[in-house]
Amino acid sequence: MDVNDRRGTHDGARIDPALRARLIASMKPADGAVPAFIFSSPDVYDAELQRIFARSWLFVAHESEVPEPGDYVTRYMGEDPVIVTRAEDGQVRVFLNMCRHRGMRLCRADMGNTSHFRCPYHGFTYDNSGRLVGVPFHKEAYGDRLDRDALRLFQPRCDSHAGLIFATWADEGPSLAEYLGDARWYLDVLFRRATMEVVGPPQRWVADANWKLAADNFASDAYHTATTHASIAAIGLTPSIAFGKDGYQISLAHGHGCGLGISPQPMVPEEVLALYARHLPPEQAALWRQIKNLHATLFPNFSLLLTSAAGIEGKRIMHTTIRLWQPRGPDKVEIWSWLVVERDAPDEWRALSRKAYILTFGPSGIFEQDDTENWTNITANTRGAIARRAATFNYTMGVGQEPLVQGFPGPGRVIDTKFQEANARNFYGRWLEMMLA
Amino acid sequence: MSAGPDVYHEITQFLYREAELLDSGRFDEWLDLLTDDITYHMPVRINRERGDYPDASEAMEHFSEDRVTLRLRVERLKTDFAWAEDPPSRTRRFVSNVRVSPGPDGATDVRSYLLIYRNRGDTPAVEILSAERRDVLVRVGRVWKIRRRTIIVDQASLGAKNLAIFF
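Respectively, the protein sequence lines represent chains A and B.
1 is the number of the first residue of the first sequence in this note's numbering; add one for each residue after it.
1001 is the number of the first residue of the second sequence in this note's numbering; add one for each residue after it.
These aren't lab readings, by the way, just hints derived from the structure by calculation.
Don't take every hint at face value.
Straight-line C-alpha distance at most 20 angstroms; calculated SDA-like pairs for lysine to any residue [as the list claims (entries may be wrong)]:
#1 K355(A) - T1039(B)
#2 K1078(B) - A234(A)
#3 K28(A) - F393(A)
#4 K355(A) - E1058(B)
#5 K332(A) - A1125(B)
#6 K332(A) - T1039(B)
#7 K332(A) - E1058(B)
All of these numbers come straight from a predicted model, not from anything done at the bench.
Please build the complete structure, drawing on both the sequences and the hints.
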């Protein structure tokens, strides 16, 4: 028997026929029509956990979080708890954080270092390659009838790209490289520009919002910055409220999407640009002389953001953050946010980057605060009887606009403005496809 | 060694006064309670096994502020676009378990527990944020000021949609 066989459990039944019919009738992603009820419906959420989260490649950790053999962090894939750990052979593996005996959570700390995971309930013990290696009173309790090989920890497929570790419960289906596809070019701009590392543990906080609102915002929504984040311009941290306008929006296969802001002059000091030029191919290194910001969502719930929208100590400074929009219910999201820095950049650049990040993003961030205000209020509104029955949200910006055929170095379907919702249409198109398929 | 009753009384009154200013949105007056070289930190708490210390990270923090950035946060709240706190939260800060002891260079170490009740909008839902504050206070002329504050917040995953308030 395949010990990793989860047929009939993880790859659950097709969605309820009535929900299926309703989604088909009300949701037209290509036309920019997204029904309000999908942002708080418990039925939609239950289906998402099976149809989306149990079948997609999901980000679980950055390699710098588990640098040494035995290092582990505990994470979630959808609502399923997992352990991400590096074994003595140097391989990073991911396991469902659940004892195969009676389902107890094996590991209950956020991070640590261990060669074995011992269940607190009856003491079943697993090594960090997932094998059941210890059962208390084995002979007295089971004689020789316990099939240890059948009790390996559930183990999703795991792979990494540019230091970003992903896992998926889909035993069949695309490799990580295939899943990321052309998104790798943009990931590399951020994560291969230098040896990147996360700074400390992730910040985590919970908002009463549906996870998709955050994911679509980071994929697609430069337009909101002029209003939602107008306070930033009002206190002089950006020159004007139009800071999000100039640049490109790039739609990618599998629902991924990226926005790239362009500046007339480099936002990064020459010594840091020189560091990037040592790591990147010329085309991507050259792009760094123009990048003002970069935001993206890799379907379904992993986003990244490079921003320059904070002047600290008279200097314009960029920082890079990655985040997970972890589903915690139809109307609840736990936000996980990491700061990522260049390991070999000058100390001052790293320190200012950290300062700019904490001031503007994370739970106290004066940018981010106003985003959660929007997402929580929208989610609450979608619980209303009228919204659930009749409201369709409008994602039509840029429908019919032709993509560029040349003049931009990166792959994907490129539109030469950031005021554009093609990426949201692409995101919800992929979402619908996975929900129905 | 603890402080005498007069100093202890002055400091508890100072902390109550600070809570009153923050609860009533008098942020400029609150900034006046801080020294020019204020440092203001809130480390990220981590869920670790007993003995695996520290369980708070200095590498990543929810606040890592000086006077300039605290001033920016206050100025932002005064704009017409600080949606996260407009309408503002109704907060009530409960300060207790105050301990006072001599600090470095003639300063005074003050530890206190802080419980923030926060309600907002038209729902009765409440956020409760609990923390210990580790402060260094100094006398400037006849008044006390805060030179350093470290906030040890008691959640690894914050039950708050933002930290648009001060601790």
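For each hint, the structure was consulted:
For the hint linking K355(A) to T1039(B), the alpha-carbon distance of about 12 angstroms falls within 20 angstroms, and the restraint holds. For the proposed pair K1078(B) and A234(A), the alpha carbon gap of about 10 angstroms is at most 20 angstroms, so the pair holds. A C-alpha spacing of about 11 angstroms is found between K28(A) and F393(A), which places the hinted pair at or below 20 angstroms, so the restraint holds. For a cut-off of 20 angstroms, the pair hint linking K355(A) to E1058(B) stands: about 13 angstroms separates their Cα positions.
Simply put, K332(A) and A1125(B) have alpha-carbon atoms about 14 angstroms apart, close enough for the 20 angstroms limit, and the pair holds. Only pairs whose Cα atoms come within 20 angstroms are accepted, and K332(A) paired with T1039(B) is rejected, the gap being roughly 34 angstroms. Straight-line distance between C-alpha atoms of K332(A) and E1058(B) comes to about 28 angstroms, which puts the hinted pair past the 20 angstroms bound.
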